[in-house]
Amino acid sequence: MDKQSPKILVRVNGVKTSYTEADETQKDEFQWILPEESEPSYNNVVPFRAEAQTKPAKQQNRAGKRIAITVGAAVMLGTGFGFGMLQLLNGGSAAQTVPASVPPAAAPVKQEAAAAPAKLQVLQLHMVQSGVFSKKENGEAALADAKKKGLPAYLASEDGKYRLFTGLASNKETADKLLNKQQGTYKAWQVPEGKLPAAYEPYSALIVKGESLFSALVEQSSAVYTSGKPDTAKQGALEKEVQALVKESGKVKQEEIKKFVTYISLSYDALKDYETKQGEASFTKLQQLLFEGLASYQNLLPKA
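Residue numbering for the sequence shown follows this note's numbering, beginning at 147 and increasing consecutively.
Just so you know, the hints here were simulated from the structure itself, not pulled from any lab data.
Hints are not guaranteed to be accurate.
Unchecked claim - Here are the simulated BS3-like cross-link-like pairs (lysine-lysine), alpha carbons at most 27 angstroms apart as the crow flies:
#, residue 1, residue 2
1, K404, K418
2, K393, K418
3, K333, K449
4, K405, K265
5, K293, K423
6, K431, K393
7, K431, K294
8, K397, K449
9, K380, K405
10, K431, K375
11, K327, K423
12, K323, K418
13, K295, K281
14, K418, K375
15, K341, K282
16, K405, K282
17, K318, K355
18, K294, K282
19, K295, K307
20, K355, K431
21, K307, K293
22, K380, K418
23, K318, K375
24, K333, K355
25, K404, K449
26, K355, K399
27, K386, K397
Claimed, not checked - Computed Cβ-Cβ distance ranges for the label pairs, DEER-style:
#, residue 1, residue 2, range
28, K323, K418, 16 to 26 angstroms
29, A379, E283, 40 to 50 angstroms
30, V278, P338, 17 to 27 angstroms
31, K393, E283, 33 to 43 angstroms
32, N445, K397, 12 to 22 angstroms
33, A383, E319, 19 to 29 angstroms
Keep in mind that this is a model prediction, so the values were computed, not measured.
Glycine residues also receive a C-beta, built at the ideal position from the N, C-alpha and C atoms.
Input sequences plus hints: build the corresponding full structure.
Structure representation (structure tokens):
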């Protein structure tokens, strides 16, 4: 009968478990052979602490170099691109800016020359004089009486006297012909040159043009009166100049200047009408408009 192995009873957490002791003969029947444990050798092993400390530093250095190179390249590229665009836009004008600013002294001289008022010329006329008065009231009464008779009339002040003119021309021949139809005497008369008031100086060139056109209109009217026809060589240029003067005066605010230009324009229209009709009424109208233009011109000059 076989020998029974002793049993061991173990209780764990209220659970009973029985174990049987193994027989010695059975233990000897099996021999466990385990392989020899040999640790592998690694020649390239780096201590953990050293690797952890060196790798981030290298990575940071590499990243810093990359950032520096990128920023430097971007700056150089942006600078080059900006300089190229500047040269393209300027078109090489940078080299011209320095010489342009070299002569600052010449600018004031040119500005002073441009700002200098145009000089008024002496206006020479040939008049039919119908009376001379020492008092203005008497002269004005004679003026009104002449207009009632259908005569062109103008009262001029000179040397404390008042002269009544009833005809004007550009030469003595025409003035003498006018005297054949009305009583009076011949009078060579002129408006002296003078300096415009400060308020009119900005428009001095315009006024000088108007003065020149006024003389041309008187000359044309005298030519038509004596010969029956105008000077065709001057007629076309006169029309263009009158139109240009009217256009130029569009922005003028001074009423006296505008009035002077208006009478020049009206006188030119009356001249064309007289050239067509050549009647006494149209000539009287032309003469009266020329007198009104003369009066408005004298109002622009400084008072004596």
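Hint numbers contradicted by this structure = Every hint satisfied by this model.
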